[in-house]
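There are 2 protein chains.
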Amino acid sequence: MSASQTNSAADPPPTSIGADLHLELRGTKLRTGLTDALRNAVRTGRLAPGTRLPPSRSLAADLGVSRNTVVEAYAELVAEGWLTARQGSGTRVAPRAEPHSPPAGAARARPVGTRPRYVMQPGAPDLARFPRGQWLAAARRALTAAPNDALGYGDPRGRIELRTALADYLARARGVYAEPERIVVCSGFHHGLALMAQVLRMREARAVAVEAYGLDLYRDLLTTAGLRTPPLYVDERGARTDDLARLREVGAVLMTPAHQYPTGVALSPERRTAAVAWARDTGGLILEDDYDGEFRYDRQPVGALQGLDPQCVVYFGSASKSLAPGVRLGWMVLPEELVPEVVEAKGYGDYMSSTLEQLTLAEFISSGAYDRHVRSMRQRYRRRRDQLVAALAERAPGVRAAGMAAGLQVVLELPAGTEDSVVQAAAREGLAVSGLRDFGHEARDSGWRLPERDALVVNYAAPSDSTWKGALDTLCGVLPQALS
Amino acid sequence: MSASQTNSAADPPPTSIGADLHLELRGTKLRTGLTDALRNAVRTGRLAPGTRLPPSRSLAADLGVSRNTVVEAYAELVAEGWLTARQGSGTRVAPRAEPHSPPAGAARARPVGTRPRYVMQPGAPDLARFPRGQWLAAARRALTAAPNDALGYGDPRGRIELRTALADYLARARGVYAEPERIVVCSGFHHGLALMAQVLRMREARAVAVEAYGLDLYRDLLTTAGLRTPPLYVDERGARTDDLARLREVGAVLMTPAHQYPTGVALSPERRTAAVAWARDTGGLILEDDYDGEFRYDRQPVGALQGLDPQCVVYFGSASKSLAPGVRLGWMVLPEELVPEVVEAKGYGDYMSSTLEQLTLAEFISSGAYDRHVRSMRQRYRRRRDQLVAALAERAPGVRAAGMAAGLQVVLELPAGTEDSVVQAAAREGLAVSGLRDFGHEARDSGWRLPERDALVVNYAAPSDSTWKGALDTLCGVLPQALS
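From first to last, the protein sequence lines are chains E and D. Start counting the first sequence at 252; every next residue gets the next number (our numbering). Start counting the second sequence at 252; every next residue gets the next number (our numbering).
Read the hints as simulated data drawn from the structure, not as lab findings. Computed from a predicted model, the values in this text were never measured in an experiment. Careful: at least some of the hints might be erroneous.
[As the list claims (entries may be wrong)] Restraint-style ranges between C-beta atoms, simulated for each label pair:
1) D/A336 x E/R366: 52 to 62 Å
2) D/A676 x E/A326: 57 to 67 Å
3) D/A379 x E/T524: 51 to 61 Å
[What the hints assert, rightly or not] Which residues of chain E face chain D? A partial, calculated answer using Cβ under 10 Å:
4) A299
5) T302
6) N319
7) G374
8) S571
9) E608
We put the beta carbon where it would ideally sit given N, CA and C, even for glycine.
Only chain E is shown next, with the shape it has when bound in the complex (with noise of 0.2 Å):
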């Protein structure tokens, strides 16, 4: 076989596409007609370059007429340069000179700027390790073992296979009291609060409590749904739930108390209890984003909140951090009297995942695959705090990690005064690293105030090895050298 024949990888075999192909054929004349109508979509774009056409006994018994009509239409067109045959390649709509212009919208959609050398912000794990060999086994295994219905609609909670897995998972692995019964599978964490923003609306609740830090995506979205956002000011031992009580109107608290998001540190176990004890006096829940409790370095993981009161916490987590946010799965573990409440809101907007992918995460998580994966991912996030740490005490001896030693990202301290200008340091040298600014929430209507803190937040899992050590060498870069 000569060089020529073989296809590369990347490129599938040409195979006899049983294509389909819509034509409008106008007047009598058959051979004119189609002429037209195929010039017509390939003038206008519909057609687009490169696009293969079907074989002409195909289309010819779609459309009802002969094949030579067919082959004479193709030839006609050959000739006039808009299609091209080639022996073996079949017929296809010939290369443009100019390429279709997108219209002018298409670039409001697209992110402008440059695009840095280094992404340190947090939020995605490391994706190049995400383990593709073992999860197109398990969806092969996955697959392979369906019945026909789960192909179809299907529950709103979820596959069971999914459910169960997850119970067994989350019981063993984080201390969370599940029953299948009571998991509903959403696509993230944010589509999970989404659901029980509408939940505590629909109860008539008016008020969300939440950290002074987390993410401006989750309180826009209980703002969105009508809900107020009351910060609960957080320090070193996590947020003060102690505080509550003397909140007003307040239907649930959204919290991330084994590792507080992005500061770093654990609640302590006088709130965690301080949190039930509000919860189980007023009737609210707890709204408990375990994003990233797999992943603990100087000893073993904090459990779950839920596992003190699983009747007053929602329980999230998701794919996004132990596997890639592109799985897009995530669960919560619900209070029995709220199942039925957010099956009905989840109903209203269709959402459901695909059935296949969770039939697959069910079977990587039933096979050990989860479990080997996220302690392979713990150890090699471990080592990179541990480089991070090192590198910071050698070359910027002034900054220091605050927060435990746990999760995707770290505080970095800054001298007052300084976190804009690190940032903006960084991303000239080609570095995205956010400053924990862009974190923290005041409460704009009772003139409440953080207190100053200049700091980052660095994800050091993010980064390829390919890239890790220049991530980390620009990073050490841009940093005071001393605390002024």
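The hints should help you fit chain D onto chain E, whose structure is shown.
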């Protein structure tokens, strides 16, 4: 190798899992603390029977205790009967005499009643024909070729690979003017309609006209979003779009032009023109639900209405009929100016579909597998419909199949006043079919009423090959033998 050593295909080989196990150790006596914590986890059901515990070495490292401490704790609990240990299978939670009973609420979410033997209600295609092998092959190619950032959060419009493949396919097969920039991926028609309902409300629309026959689910969605749903009468030429001008405050009209759902007629050319003229005159939108446009058996499918004027039509399609609902992928082709509004609406709920699944569908389409599958299913469904019509002619000559030779279901006209009794007779024989009345939409506020029309809506696509003959026999057995 002896038979007892082989693993069956369904049972993955036991693996040395690096399982994560969360335990709260209390007190100072490590072994007693660990034994108590494990016993408690088993007793309360947090660790389910059969759960494999982590290897002693791993758990010891996690807890920061000696391996011997763990080995002794495991041994004690085996002796007490809480755990079992078997060479090669590790330590597991022992089976329980009484399984943990599910909470009372669980039953609520389950379907009640006996499952019918044959399901011919409209909705699903033949799930047994889902091309599992080809889908997995596409998943493998797609995931192997995907860049790392495809595993991140991504563009709210959906992956560019899928939007590009869809643009090409829809132009070719459905006559849609589509550029990838104007396509937004969603999880199905219901999700897309929910997004449009949000956008219409933001634009202060008060009403969406609907066809007088359709799904309650969609009308309810619009009503819940605060939109009235005045009906358009449906006859043998489709919805009476010339009535649109008479309706007040209508911001959009929801239609199934290629194949009215479920009556099965096509919108006539004059009415297509009238709909577009109304939209141009009033600035209203046409919401075109092209749910089964690929399936036409007697001639080439009617092209999408969107092709007449892409600036006033929102085109909706999905993989639910062509592949399977479980894929949970749909698409909207939008007028350019609507893209930012739909993207904003979508962002609120973080409703994004798995990027892995999007890449798989993109590859499935680009490789030609989608066309081949649709073509093959079209032949199957055409045969099914022919067999149904032939069986009617022979065994129930008084019952007429209405509508076009297209789609997955057919309307069977019944003698006046017999619809309910035929549906009930079918149910008694284990056959689930729907009466046409279930789809009728009467405008209660205006007193407008649908004319009496007794008919069944029968899905001939859904039964698998193994149940088809039984389903058809049962259907013929319950139909009236002649028009009374």
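Going down the list of hints, with the structure as the test:
1. D/A336 x E/R366: 52 to 62 Å: Check passed, 54 Å falls within 52 to 62 Å.
2. D/A676 x E/A326: 57 to 67 Å: holds (59 Å)
3. D/A379 x E/T524: 51 to 61 Å: The hinted range 51 to 61 Å holds for D/A379 and E/T524, with Cβ atoms some 54 Å apart.
4. A299: holds (5 Å)
5. T302: holds (6 Å)
6. N319: violated (19 Å)
7. G374: Hint on E/G374: holds, closest Cβ of chain D at ~7 Å, below 10 Å.
8. S571: holds (8 Å)
9. E608: holds (5 Å)
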